[in-house]
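Q: Kindly produce the complete structure, drawing on both the sequences and the hints.
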Amino acid sequence: MAPETAAKAAPWPRNAWYVACTPDEIADKPLGRRICGERMVFHRGKAGQVVALEDFCPHRGAPLSLGFVRDGELVCGYHGLTMGCEGRATAMPGQRVAGFPAIRSFPVLERYGFVWVWPGEAELADPAKLHPLPWAESPDWAYGGGLYHIACDYRLMVDNLMDLTHETYVHAGSIGQKEIDEAPVTTRLDGDEVVTSRFMEKISAPPFWRMALRGAGLPEDAVVDRWQICRFSLPSHVMIEVGVALEGHGGHAAPPDKKAASVVVDFITPETETSHWYFWGMARSFAVADAALTDTIREGQGKIFSEDLEMLEQQQQNLLRHPDRRLLKLNIDAGGVRSRMLIDKAIAAEQALGAAPVPAQA
Amino acid sequence: MAPETAAKAAPWPRNAWYVACTPDEIADKPLGRRICGERMVFHRGKAGQVVALEDFCPHRGAPLSLGFVRDGELVCGYHGLTMGCEGRATAMPGQRVAGFPAIRSFPVLERYGFVWVWPGEAELADPAKLHPLPWAESPDWAYGGGLYHIACDYRLMVDNLMDLTHETYVHAGSIGQKEIDEAPVTTRLDGDEVVTSRFMEKISAPPFWRMALRGAGLPEDAVVDRWQICRFSLPSHVMIEVGVALEGHGGHAAPPDKKAASVVVDFITPETETSHWYFWGMARSFAVADAALTDTIREGQGKIFSEDLEMLEQQQQNLLRHPDRRLLKLNIDAGGVRSRMLIDKAIAAEQALGAAPVPAQA
Amino acid sequence: MAPETAAKAAPWPRNAWYVACTPDEIADKPLGRRICGERMVFHRGKAGQVVALEDFCPHRGAPLSLGFVRDGELVCGYHGLTMGCEGRATAMPGQRVAGFPAIRSFPVLERYGFVWVWPGEAELADPAKLHPLPWAESPDWAYGGGLYHIACDYRLMVDNLMDLTHETYVHAGSIGQKEIDEAPVTTRLDGDEVVTSRFMEKISAPPFWRMALRGAGLPEDAVVDRWQICRFSLPSHVMIEVGVALEGHGGHAAPPDKKAASVVVDFITPETETSHWYFWGMARSFAVADAALTDTIREGQGKIFSEDLEMLEQQQQNLLRHPDRRLLKLNIDAGGVRSRMLIDKAIAAEQALGAAPVPAQA
Chain A
5 MAPETAAKAA PWPRNAWYVA CTPDEIADKP LGRRICGERM VFHRGKAGQV VALEDFCPHR
65 GAPLSLGFVR DGELVCGYHG LTMGCEGRAT AMPGQRVAGF PAIRSFPVLE RYGFVWVWPG
125 EAELADPAKL HPLPWAESPD WAYGGGLYHI ACDYRLMVDN LMDLTHETYV HAGSIGQKEI
185 DEAPVTTRLD GDEVVTSRFM EKISAPPFWR MALRGAGLPE DAVVDRWQIC RFSLPSHVMI
245 EVGVALEGHG GHAAPPDKKA ASVVVDFITP ETETSHWYFW GMARSFAVAD AALTDTIREG
305 QGKIFSEDLE MLEQQQQNLL RHPDRRLLKL NIDAGGVRSR MLIDKAIAAE QALGAAPVPA
365 QA
Chain B
5 MAPETAAKAA PWPRNAWYVA CTPDEIADKP LGRRICGERM VFHRGKAGQV VALEDFCPHR
65 GAPLSLGFVR DGELVCGYHG LTMGCEGRAT AMPGQRVAGF PAIRSFPVLE RYGFVWVWPG
125 EAELADPAKL HPLPWAESPD WAYGGGLYHI ACDYRLMVDN LMDLTHETYV HAGSIGQKEI
185 DEAPVTTRLD GDEVVTSRFM EKISAPPFWR MALRGAGLPE DAVVDRWQIC RFSLPSHVMI
245 EVGVALEGHG GHAAPPDKKA ASVVVDFITP ETETSHWYFW GMARSFAVAD AALTDTIREG
305 QGKIFSEDLE MLEQQQQNLL RHPDRRLLKL NIDAGGVRSR MLIDKAIAAE QALGAAPVPA
365 QA
Chain C
5 MAPETAAKAA PWPRNAWYVA CTPDEIADKP LGRRICGERM VFHRGKAGQV VALEDFCPHR
65 GAPLSLGFVR DGELVCGYHG LTMGCEGRAT AMPGQRVAGF PAIRSFPVLE RYGFVWVWPG
125 EAELADPAKL HPLPWAESPD WAYGGGLYHI ACDYRLMVDN LMDLTHETYV HAGSIGQKEI
185 DEAPVTTRLD GDEVVTSRFM EKISAPPFWR MALRGAGLPE DAVVDRWQIC RFSLPSHVMI
245 EVGVALEGHG GHAAPPDKKA ASVVVDFITP ETETSHWYFW GMARSFAVAD AALTDTIREG
305 QGKIFSEDLE MLEQQQQNLL RHPDRRLLKL NIDAGGVRSR MLIDKAIAAE QALGAAPVPA
365 QA
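Heads up: the protein sequence lines correspond to chains A, B and C, in order. Remember, this note's numbering sits 4 above the position in the first sequence when you count from 1. Remember, this note's numbering sits 4 above the position in the second sequence when you count from 1. Remember, this note's numbering sits 4 above the position in the third sequence when you count from 1.
Hints are supplied without guarantee of correctness; some may be wrong.
Any copy will do: because identical chains look the same in the list, a pair fits if it lies in one copy or spans two.
[Said to hold, decoys possible] Cut-off 27 angstroms, straight-line C-alpha distance, at most; resulting in silico cross-link-like pairs (DSSO-like, lysine-lysine):
1. Lys50 - Lys182
2. Lys333 - Lys182
3. Lys206 - Lys50
4. Lys182 - Lys33
5. Lys206 - Lys262
6. Lys333 - Lys349
7. Lys349 - Lys182
8. Lys349 - Lys33
It is worth saying that the hints were derived from the structure and are not from the lab.
A: Have a look at this one:
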């Protein structure tokens, strides 16, 4: 009963918390989603807790995600097997289910407005390893975001987000500007994070940030200082502090009433080796009660991030056609390169521990 | 000149009559259809007889099904080769065709409102082996039906039809009802048929049967006795006697004016190892002159059967991902399990007879 | 850095001029196109010359065709690498590019209203080997055409065009007529060309030629003599002299005012082993100033040629399913058969010369 694709060579750490979905996705019915190669089904149990199981009915192999939830348990939509939240059948009309084989259940957490799943060994799952998101629990911040399915290796998205020079080219009409290219970029390791940052002084804000300045009650045509501080952490999170401040007030360190400051939030969850789920969003610390502004920002950000899709998917196709070609690793690529080093190190550590595919709990 | 996919391991008997199409499908032009792995083209010859040939012009390999019929012979739509009904070219502009290689011709029968084809050895084709359908030639019965293409192993459809507990879940809004789950099911071998049956007494009719009761001139809200008697016969036919009778009149054995009785007709023709043609319909012995009722039933049945499609196709995908996982064989699965035993036995018998892929007649 | 698919066994000559695109396709932005298995990007350099490069940015593998042209150089749309017209990076914001690996550049020519590319060894590319098209540079001729992408081996299209008996069947409503079948066909080698021709005397013109007669100022219902002279030349060009003349004036040799004479122009550029780019058109020597007639003919011809698509693509599928089946080679097939002999000979000659895949210029 080996998992479908979690072969040794999978290019992601298995023992980590990944964002699986948002609560609204399981509000009405079960959700089937493939994560790190595993087909999973998500629903809420009787106590409201989120449950993640293998999406496979042990009776005849139907996907449980085509069924429904009754009293907090999944009922298979084919012949009515009722699956308990631990992956053991609890009932089936006219049957004794005690001897039915179990299916895998995956450790799951709900926090910060997301559902997180641990695709690897259940006994290693530790809530303390969850990436902290203090802004998500603070009344001083507002958040809006969305989800894209992208047909490329999740690490190409990490590269993308850890090298924002692409904004000048891919997002020329919104957040790109010539000064990004011209500002020097520095990359360093800060604890378990790779941090790559860039500061631009005395510039005029590009369209997206003009909108944000207006939202923050500041003059959109002011001369500003702009910053981008990208932080990668395992398994595949990229938090980017971004913003503009009225010039001469300290930029990133300017007082709240002189800046529009945000965190671009990126959770990049592998689906297969050449596809991923991209949970994107923006957390901001200005005008947090302005729900209309949240919508405007979400719409603008969604449009901007959609501009990356074709490039990333075509890049993936080109790389598949040229598996042996070595790519350049320039200074601007250092953020992605060092992030991949952390990923590779985590995978190697799992393999050293003999983290073979987990047998089912049966 | 070996057939495309009829390798030894094909999971269907080759020497059997399968439903290929209905007469309306060849009324206007030739029909190309893949059956048991073989690409075939069907048309009517000069005498009105149905002809089944390999869908491959021996000149340049064009599909003959893209051509047209002239004087009962197929004319290739590319360069005009005329193909005789036995698979030998009879003419081509400016050419002598006597030496042209032949293509396969398949034994074919037209009866009971269907065209039947024998994909295996022509010399074994015996009209007497055709499954008898007495209702199809009786004035006391009316029939309506349709055709679906389904992307799953034809045996998953046999399983589906030989275990009607799925009605409670898949067809909750039409023919499903809780009492199906609760009624005991019995499965037995009756001659060459697998028979699995279930009887429900003193119940209220679900929506589809309310409609049928109305059509039969009976009160739709009456308390009824309901029956389901599924009969599998080789190669892959499932006839299901279904109906409801006013309670206490003998159920299945009740007199005609006390019941609405039908036969669900299922001809399941393999296309490839993971797809099939599903000819479904209903023959009824009440209100047989009511053509509007035939249409209403066909529409209702078509909608009901379409509800199985996603489940079956997703089940197939799950099984392809987990080829080594053993499924459960519960008492409710006995109908499908025993039907598959008949299928396996027939395939083994063909192999024992050395039923290797048939060479073309050239 | 071996080319993607140009393995030894590729079924096309590599050292030849193929039509790559028409100038309008690179008027506004770079064009990505796969030719003879190679992914190429086309644009105009600063002097207006056409440039063909490998469609792969050496920085991170993005397709250069997703970028833009600035001062005659391609700028990668991902991170702004500027690629010189010889395949060496010339600039990138904040980077020294001197050590960047080069990408392949392909010899390219613009002439006769087409862009031509040489997918093989650059040092063998010789403008003198370009197929001459005198009508394309003559004021006495007018030309209109189009482009189709067709999912079949380019040689099936050569076969198609070198055997016009298919017109009777595939194009029954426009240029087909019974007399094509009935007229004898002769095939011969004329220098480096395969020529297959057919003459029909005292016939009535089919619909397309009635339209052409009207366009030429001649009576559309006149009795005419019709000719078809197909000329294949390497690598995969088919020029077909076609026309109708008022009867008794010499047919093909009739004076200009007694005939409607054209050249069907076919450039057949392999994309992969089972797909090609089909540049079709018609050059005519009558009513050359009548632009509306050019449009009418283009529209008619486009419709006619679209009728071949399904047949060719389905033929390809049938042949892929039956790789070992030998096709017939009738007299009507001689044009295609002999054209393929020239192709095979050219491929063999390249292999004898050790024409291994070209290394990149790095």
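Q: All hints are to be evaluated individually against the structure, with a verdict given for each.
A: Consistency of the hints with the structure:
Only between protomers do Lys50 and Lys182 lie at most 27 angstroms apart by alpha-carbon distance; the minimum there is 23 angstroms, versus 54 angstroms within a single protomer. Proximity of Lys333 to Lys182 under the C-alpha cut-off of 27 angstroms is restricted to the intra-copy arrangement: shortest distance 22 angstroms within a copy versus 64 angstroms between copies. In this assembly of identical chains, Lys206 and Lys50 lie within 27 angstroms of each other by CA distance neither inside one copy nor across copies; the values are 56 angstroms within and 34 angstroms between. Taking CA atoms no more than 27 angstroms apart as the test, Lys182 paired with Lys33 passes between copies only; the shortest distance there is 21 angstroms, against 47 angstroms inside one copy.
In this assembly of identical chains, the alpha carbons of Lys206 and Lys262 lie at most 27 angstroms apart only when taken from the same copy (14 angstroms versus 77 angstroms across copies). For the homomeric pair Lys333 and Lys349, the shortest alpha-carbon distance inside one copy (19 angstroms) is at most 27 angstroms, but the shortest distance between copies (45 angstroms) is not. Proximity of Lys349 and Lys182 under a CA criterion of 27 angstroms is satisfied in neither setting, with 35 angstroms inside one chain copy and 55 angstroms between copies. In this assembly of identical chains, Lys349 and Lys33 lie within 27 angstroms of each other by CA distance neither inside one copy nor across copies; the values are 38 angstroms within and 42 angstroms between.
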